[in-house]
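So you can see what is in the structure, the chains are spelled out below.
Protein chains: 2
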Amino acid sequence: MDYPNFAFDITRRDPASRARLGTLKTPHGTINTPNFIFCGTKAAIKNLSPKQMREAQSDIILGNTYHLMIQPGAELIEKMGGLHEFTQWDGPMMTDSGGYQIFAMGHGGVADEIKGRNRRDDKSLISITEEGAAFKNYRNGERLLLTAEKSIDIQRKLGADLIYQFDECTAYHVPREYTEGSMHRSHRWGDRSLAEFERGHDGKQALYGIVQGGVYEDLRTESCAWTRDKPFFGTAIGGCLGGSTEEFYEITGWCMPQIHPDRPVHLLGIGAIGDIFACVKMGIDTFDCVSPTRIARHGWALAKGVPGNRLNMRNAQFRENRSPLDEHSPLAASREFSKGYIHHLFKAEEMLGLQILAQHNVSVMNQLMREVRAAIATGTLDTLEKEWIVD
Amino acid sequence: MDYPNFAFDITRRDPASRARLGTLKTPHGTINTPNFIFCGTKAAIKNLSPKQMREAQSDIILGNTYHLMIQPGAELIEKMGGLHEFTQWDGPMMTDSGGYQIFAMGHGGVADEIKGRNRRDDKSLISITEEGAAFKNYRNGERLLLTAEKSIDIQRKLGADLIYQFDECTAYHVPREYTEGSMHRSHRWGDRSLAEFERGHDGKQALYGIVQGGVYEDLRTESCAWTRDKPFFGTAIGGCLGGSTEEFYEITGWCMPQIHPDRPVHLLGIGAIGDIFACVKMGIDTFDCVSPTRIARHGWALAKGVPGNRLNMRNAQFRENRSPLDEHSPLAASREFSKGYIHHLFKAEEMLGLQILAQHNVSVMNQLMREVRAAIATGTLDTLEKEWIVD
Numbered sequence: 013m014d015y016p017n018f019a020f021d022i023t024r025r026d027p028a029s030r031a032r033l034g035t036l037k038t039p040h041g042t043i044n045t046p047n048f049i050f051c052g053t054k055a056a057i058k059n060l061s062p063k064q065m066r067e068a069q070s071d072i073i074l075g076n077t078y079h080l081m082i083q084p085g086a087e088l089i090e091k092m093g094g095l096h097e098f099t100q101w102d103g104p105m106m107t108d109s110g111g112y113q114i115f116a117m118g119h120g121g122v123a124d125e126i127k128g129r130n131r132r133d134d135k136s137l138i139s140i141t142e143e144g145a146a147f148k149n150y151r152n153g154e155r156l157l158l159t160a161e162k163s164i165d166i167q168r169k170l171g172a173d174l175i176y177q178f179d180e181c182t183a184y185h186v187p188r189e190y191t192e193g194s195m196h197r198s199h200r201w202g203d204r205s206l207a208e209f210e211r212g213h214d215g216k217q218a219l220y221g222i223v224q225g226g227v228y229e230d231l232r233t234e235s236c237a238w239t240r241d242k243p244f245f246g247t248a249i250g251g252c253l254g255g256s257t258e259e260f261y262e263i264t265g266w267c268m269p270q271i272h273p274d275r276p277v278h279l280l281g282i283g284a285i286g287d288i289f290a291c292v293k294m295g296i297d298t299f300d301c302v303s304p305t306r307i308a309r310h311g312w313a314l315a316k317g318v319p320g321n322r323l324n325m326r327n328a329q330f331r332e333n334r335s336p337l338d339e340h341s342p343l344a345a346s347r348e349f350s351k352g353y354i355h356h357l358f359k360a361e362e363m364l365g366l367q368i369l370a371q372h373n374v375s376v377m378n379q380l381m382r383e384v385r386a387a388i389a390t391g392t393l394d395t396l397e398k399e400w401i402v403d
Numbered sequence: 013m014d015y016p017n018f019a020f021d022i023t024r025r026d027p028a029s030r031a032r033l034g035t036l037k038t039p040h041g042t043i044n045t046p047n048f049i050f051c052g053t054k055a056a057i058k059n060l061s062p063k064q065m066r067e068a069q070s071d072i073i074l075g076n077t078y079h080l081m082i083q084p085g086a087e088l089i090e091k092m093g094g095l096h097e098f099t100q101w102d103g104p105m106m107t108d109s110g111g112y113q114i115f116a117m118g119h120g121g122v123a124d125e126i127k128g129r130n131r132r133d134d135k136s137l138i139s140i141t142e143e144g145a146a147f148k149n150y151r152n153g154e155r156l157l158l159t160a161e162k163s164i165d166i167q168r169k170l171g172a173d174l175i176y177q178f179d180e181c182t183a184y185h186v187p188r189e190y191t192e193g194s195m196h197r198s199h200r201w202g203d204r205s206l207a208e209f210e211r212g213h214d215g216k217q218a219l220y221g222i223v224q225g226g227v228y229e230d231l232r233t234e235s236c237a238w239t240r241d242k243p244f245f246g247t248a249i250g251g252c253l254g255g256s257t258e259e260f261y262e263i264t265g266w267c268m269p270q271i272h273p274d275r276p277v278h279l280l281g282i283g284a285i286g287d288i289f290a291c292v293k294m295g296i297d298t299f300d301c302v303s304p305t306r307i308a309r310h311g312w313a314l315a316k317g318v319p320g321n322r323l324n325m326r327n328a329q330f331r332e333n334r335s336p337l338d339e340h341s342p343l344a345a346s347r348e349f350s351k352g353y354i355h356h357l358f359k360a361e362e363m364l365g366l367q368i369l370a371q372h373n374v375s376v377m378n379q380l381m382r383e384v385r386a387a388i389a390t391g392t393l394d395t396l397e398k399e400w401i402v403d
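Chains V and P, in that order, give the protein sequences. 348 is the number that this note's numbering gives to position 336 of the first sequence; each next residue is one higher, with no gaps. 46 is the number that this note's numbering gives to position 34 of the second sequence; each next residue is one higher, with no gaps.
Bear in mind the hints are in silico, worked out from the structure with no lab data behind them. Please note that the accuracy of each hint is not assured.
[What the hints assert, rightly or not] Restricting the straight-line Cα-Cα distance to at most 30 Å, the calculated cross-link-like pairs of lysine-lysine (BS3-like) are:
{"no.": "1", "chain 1": "V", "residue 1": "Lys316", "chain 2": "P", "residue 2": "Lys91"}
{"no.": "2", "chain 1": "V", "residue 1": "Lys359", "chain 2": "P", "residue 2": "Lys148"}
{"no.": "3", "chain 1": "V", "residue 1": "Lys91", "chain 2": "P", "residue 2": "Lys316"}
[Unchecked claim] Covered, in the sense of this in silico footprint (three residues per stretch, anywhere, with C-beta under 8 Å from a C-beta of chain V), are these stretches of chain P:
{"no.": "4", "segment": "89-96"}
{"no.": "5", "segment": "276-282"}
{"no.": "6", "segment": "324-335"}
Quick caveat: nothing in here was measured; it's all calculated off a predicted structure. The beta-carbon is built from N, C-alpha and C at its ideal position, and this holds for glycine as well.
Isolated chain V, as found in the complex:
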């Protein structure tokens, strides 16, 4: 299978690690990697317009198949001209396969952006069969079935540049037998995803395969080989990445030398700044995470070189603070509003505060990725990491 309108070129490799610089070309533009993909779950970045995302120097955003198939529906978005036209984001875009959310909700785990609507005792997953996953529509209780073919069909209607095979994301507590069986089923779903993708392939989209295998090294090895040998454009590291940071790095470290070396690699759902440094050094090219805009809604401002890389703007220490979030930021909002004003906006429950912090946090993540790329170019990634991460 050819991807004539896509390309991934590795332009430089870090001699001290597996980190690499690349360019990822899509029909909606070329981005430099490593890069961060912002989550526009329900066809919108929380509190930010495409214009504000551009002001914060964002390159690429992501939509969620699970949420969009439920509301407003893939057919509607197709009628409206696709996700780019619908949202007015004209840059590169990615959609996931829908699998992650179905299973995360089904297991009663973190329910991402719909947290609060779906309680742990209200599991929505009905069953997983060879055919696909049956689940309840969280809005109206209707029974829905998502299959490999359906996931690809929905993602085609949405029209993002980079799309995903359908897969099951297994939980940490399941036995090895379950993980193994699920992985093989995800591989069969991957084959069906490829077949369905190829049937409608018009060159406008490129498909990523997903490495499964949970916490088991031999299964990860098998899944890496499977993705490597299939005509995917990119590779994602998916599934359960263990119960601790150490295990997550260990599992990712197993996979990276075994996947296809020339394809772009996406790490699903990871976005903590410390994890980004660790994973860039393992060779990850793109990341996505809801956290920059989510923590903004709780009053947290991302910051370089402070413990935890964030400041709680609700804290009374900022009440009379006349300094801005970052006087050197390229983003006007980060340079111009004082911390005291942002503190006031949160205390007074003024929605402008959410918007200012969301745009600031997006800008900080983009600044981080620009600095990471510059540090790979100059071989100074460890030095940069020490500037960002402090105790």
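Mind docking chain P on chain V? Use the hints.
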């Protein structure tokens, strides 16, 4: 009293009505009148940054003394460099005296932006004496006293360009005797406001007097004469404007020929599009109202030439509508997002929807005022009114 850094020049009068074009000069810039003043009640326009207000071509905003004295407090805002520096709005700004909200809440009436926090059975007004108004802090129950001197002192600390005398806004149901006594007390408060203003006058602010007198023509006449003879920079039509639109227009119509003819005239709290046409023709120069951003939060988009001048974007009729709110708008958000997308944002409770409609509504009000000014210049106000207001 001189206002050396302020000026109001009437540049053209409509031969067919009392409508007039003017320029209102302040230390933070000159605005053309008639114009609309947007309410940034708690030191922020709901959902919009100063940059977004400028994109929507806004000229002037207003802050509320009552809300700001409670949160974050006038002393804090003064320490932070004043309201302009605090909010990063660098254009002309107005603050009210605090009287309106104390009395509106005291009477258990509309409580503006804090609606929902303050129920009708939770009246916050404790007493009105010659000294001032005692009321409860809605955040912590603390007893506060607002006097003419305190109101001017707070407004000086806030630092808006155009500020107000302290006054009582009487309710519709009170007897004539109460209205008359209250009006005379407001006049005495006005004298005290002028004395306090003059004591600290540094040329950076200009003071408006307020016409009271409720629904009684002879009282209005007396109050017009009182404001006219005092060294205020501007005049506001305040107090109870009756129980119907007809009565409101009648009362305003009594006042306009009797107030100082050369001073700018502000109509407090009025902002419906139909009322703006009627009142511009009576000679009003500036308006303020929370409605453009408030109705945005409920999904209403302001529109020219549609019944009621607004569209409910939550309505299912917009679900598949690919047309923008206004393809000819100077505001990108109004031209670029489809009605169907905005409908989706409201159905999906995406906060971006609030932001888009708030900016759109602000832009529409500014467009209205630009068109009103152009129509006064060309003597076509009636024609313009027919374009905006339809059954």
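Structure-based check of each hint:
1. V:Lys316 x P:Lys91: OK: V:Lys316 and P:Lys91 at ~28 Å, within 30 Å.
2. V:Lys359 x P:Lys148: OK: V:Lys359 and P:Lys148 at ~19 Å, within 30 Å.
3. V:Lys91 x P:Lys316: Roughly 28 Å between the alpha carbons, so the hint for V:Lys91 and P:Lys316 holds.
4. 89-96: It holds, with 3 qualifying residues against the three required.
5. 276-282: With 0 residues closer than 8 Å to chain V, the segment 276-282 of chain P misses the three-residue bar; violated.
6. 324-335: holds (count 3)
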